[in-house]
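Below, each chain spelled out in residue letters.
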Amino acid sequence: MTSWLKNLMKKRIMWPVGALVVLILVNVLYRPSFLKITVLDGRFYGSLMDILRNSAPLMLVSLGMCLVIATRGIDLSVGSQMAISGAVALTIISHSPTPNSLATVLGAIGVGVLITLLFGIWNGFLVALLGIQPIIATLVLWLAGRGIALLITGGFITTINSAPYKTIAQGNVLGFPVEFLIGLAAIIVVVLLVRRTALGVLTEAIGINPAASRLAGVRSRGIIWSLYGLSGLLAGVAGILYSSNIMAADSNAAGNGIELDAILAVVLGGTSLAGGKFTLGGTVVGVFIIQTLASTVTFLGVPSANVSVFKAAVVIVVVVSQAPMVRNWFGRQFRSSKTASPTATPVAMERTAA
Amino acid sequence: MNAKTTAPLTAATSAAPASWRRAVVNHPSWFPVVASALLLILLFAGAQVKFGSFVTPGVLSSLFVDNAYLIILACGMTLVIITGGIDLSVGAVMAFSGIIAANLLQNGVNPTLVIPLMLINGALFGLMIGVLVQYFNVQPFIASLAGMFLARGLAHVFAPRQIAVNNAAVLSLNNHKFRFGDWYFTGTVIIALVIVLITAWLLARTRLGRTVYAIGGSESSAKLMGLPVARTKVLVYVISGTCAGIAGLVFTAYASSGYSLHGVGTELDTIAAVVIGGTLLTGGSGYIFGSLLGVLVYGVIKTVINFAGADQAWTRISVGVLLLAFVVVQRAIVARASRR
Numbered sequence: 001m002t003s004w005l006k007n008l009m010k011k012r013i014m015w016p017v018g019a020l021v022v023l024i025l026v027n028v029l030y031r032p033s034f035l036k037i038t039v040l041d042g043r044f045y046g047s048l049m050d051i052l053r054n055s056a057p058l059m060l061v062s063l064g065m066c067l068v069i070a071t072r073g074i075d076l077s078v079g080s081q082m083a084i085s086g087a088v089a090l091t092i093i094s095h096s097p098t099p100n101s102l103a104t105v106l107g108a109i110g111v112g113v114l115i116t117l118l119f120g121i122w123n124g125f126l127v128a129l130l131g132i133q134p135i136i137a138t139l140v141l142w143l144a145g146r147g148i149a150l151l152i153t154g155g156f157i158t159t160i161n162s163a164p165y166k167t168i169a170q171g172n173v174l175g176f177p178v179e180f181l182i183g184l185a186a187i188i189v190v191v192l193l194v195r196r197t198a199l200g201v202l203t204e205a206i207g208i209n210p211a212a213s214r215l216a217g218v219r220s221r222g223i224i225w226s227l228y229g230l231s232g233l234l235a236g237v238a239g240i241l242y243s244s245n246i247m248a249a250d251s252n253a254a255g256n257g258i259e260l261d262a263i264l265a266v267v268l269g270g271t272s273l274a275g276g277k278f279t280l281g282g283t284v285v286g287v288f289i290i291q292t293l294a295s296t297v298t299f300l301g302v303p304s305a306n307v308s309v310f311k312a313a314v315v316i317v318v319v320v321s322q323a324p325m326v327r328n329w330f331g332r333q334f335r336s337s338k339t340a341s342p343t344a345t346p347v348a349m350e351r352t353a354a
Numbered sequence: 001m002n003a004k005t006t007a008p009l010t011a012a013t014s015a016a017p018a019s020w021r022r023a024v025v026n027h028p029s030w031f032p033v034v035a036s037a038l039l040l041i042l043l044f045a046g047a048q049v050k051f052g053s054f055v056t057p058g059v060l061s062s063l064f065v066d067n068a069y070l071i072i073l074a075c076g077m078t079l080v081i082i083t084g085g086i087d088l089s090v091g092a093v094m095a096f097s098g099i100i101a102a103n104l105l106q107n108g109v110n111p112t113l114v115i116p117l118m119l120i121n122g123a124l125f126g127l128m129i130g131v132l133v134q135y136f137n138v139q140p141f142i143a144s145l146a147g148m149f150l151a152r153g154l155a156h157v158f159a160p161r162q163i164a165v166n167n168a169a170v171l172s173l174n175n176h177k178f179r180f181g182d183w184y185f186t187g188t189v190i191i192a193l194v195i196v197l198i199t200a201w202l203l204a205r206t207r208l209g210r211t212v213y214a215i216g217g218s219e220s221s222a223k224l225m226g227l228p229v230a231r232t233k234v235l236v237y238v239i240s241g242t243c244a245g246i247a248g249l250v251f252t253a254y255a256s257s258g259y260s261l262h263g264v265g266t267e268l269d270t271i272a273a274v275v276i277g278g279t280l281l282t283g284g285s286g287y288i289f290g291s292l293l294g295v296l297v298y299g300v301i302k303t304v305i306n307f308a309g310a311d312q313a314w315t316r317i318s319v320g321v322l323l324l325a326f327v328v329v330q331r332a333i334v335a336r337a338s339r340r
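First to last, the sequence lines map onto chains Y and E.
Going by my numbering, 136 is the number at position 136 of the first sequence; the sequence numbering is gapless.
Going by my numbering, 79 is the number at position 79 of the second sequence; the sequence numbering is gapless.
Simulated from the structure, these hints should not be mistaken for laboratory data.
Ideal Cβ placement from N, Cα and C applies to all residues, glycine included.
Don't take every hint at face value.
[Claimed, not checked] Taking CB as the label site, the calculated pair distances span: (1) Pro228(E) / Arg332(Y): 22 to 30 angstroms; (2) Val328(E) / Leu273(Y): 35 to 43 angstroms; (3) Asn110(E) / Pro32(Y): 49 to 57 angstroms.
[As the list claims (entries may be wrong)] Far from chain Y, some chain E residues (derived; all Cβ distances over 10 angstroms): (4) Ile86; (5) Asn107; (6) Ala143; (7) Leu171; (8) Leu227; (9) Arg316; (10) Ile317; (11) Gly320.
[Stated by the list, open to error] Short derived list, chain Y residues pointing at chain E, Cβ under 10 angstroms: (12) Pro32; (13) Arg196; (14) Thr197; (15) Gly200; (16) Met247; (17) Ala248; (18) Ser251; (19) Lys311; (20) Gln322.
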């Protein structure tokens, strides 16, 4: 095995990327047209484009989740927050006399996202200032959030007719779906924010050892607080995308269960739930794994509710392959074959000599 | 309630009628349980004043009948949470067990065979999660999430549509009412209370229970003390899974059907009830009796909202607010205990 390949194998991100490649290969095997992208009326069409487009809400939520998890936290309320932002935005638009004006739509989106930002800050307040465990602190809003969204829409599914709002999910810019571009923009902004400033390093420091990072002068409270806020903000945008897709605010269905998918995407990507080191690239790959899986299963004609069996299988395979016991076992296999070979390393020779 | 938390230790112990109070002060882990008991009484009193006829044998009886499955799930979950773990699979395993039962019963299989199968099914899911957690170092959250996806998906593979249950024996668990004056209880309630007694006995009186608390307090210390940590950790998930299987039976009788979408989100309801009952999510502290109170608090809120005629939106909001109030109180207690 050449050294560059060995180095590649050591990278944690190789496991999720490998899983994604396998999934794509399976797809190509069953439908050769999977990788084909056709251009029609200056727009790109194809299964890959669908996956890129449909993954946007989960992408936004997972990026926020990844950062929260890196601080040893978790945010269960993202699905409810999606319901809230959609409910707020659509209620504003449906009550406005000019649902088709760009200003109304932008204003509605702004208010919707601002409200989820505030809810995110509320989560951060519970976690960072009151010191409540993240899983319970965000469970509060998981429970109450959908109730709040139902109150906003009066218990009904609010539907609207608004061309600008429809563009968000169904429009195209430069041939690419707007939804995908929003997801892409979120990735770029979050990566720049985290990796081009000290925020990423400080976040990892908090996750690795909260006490030590505090002693080293990291303002962990403020950082944790703002990351929950960011998670709320991104969930709010995801809620806008969701409601724009169906042009309705369905407070019960919007983002239902997305918190678990997002956590899954983060973990599949190789970020530990124990906090500390995180990889945004891995999270992006994790999101694509989940979305490709959903698309594959749908294509194979399996009812979409059965996707969860496949999800369970992928999770078990990926987490078990990352388990120390399995890695050690593979390591032993690798080493024993190496000592048997004539080009034994000096260390191995010393050991046999001793 | 607040006065007691802030009262200095000496004042509490020197107060004359305060032998029970001393007991609470000396056992900080009892405090959340006492608090939820007080809150339950407060809820009853408030509802009685507001609605006039709330605290009646009928309402109290139906409180237990409607929440029997949640009581059973909460018992298993309490054990898992005390070890510092979590089990997200319970709702899905409950639904899957129900599907298996409904399927077999529809094909004329005898309930005496079906019921053990449900329990074994639950235990197997628990075993899978426990092995993943203990031997493959998977975090409990993720391991049980995988179990949840698997159970929910398999349930849907087996039966995409609702299956009616017509078996008289299973239905009588919920429909046959043992009446004592205006009070009544059903087979499902008996099952739930038996589970409460068994798990409470396990926790309080057996080596397993001691080990469960020890693991929650500090897993490495428990290991150094020579306690069977690995076996116990797997076992609590098996117990929780078995409880989910039993809950599947109870819920099938209650809903008189098996359906893959039964109990969606029940796992988080269960966790909320356990936390309201005073069990700390960090592990090491908690009581089955507290979880029972937690489920009852949860159930009373739902009943109150039904009485008030409010919609599900308010149910969710008030349960959320109540959960918040509880964790804040808990947090204050933990902070106080660690300062001491």
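Looking back at the hints listed earlier, which ones does the structure fail to meet?
-> Structure breaks hints 2, 4, 6, 9, 10, 11, 12, 13, 14, 15, 16, 17.
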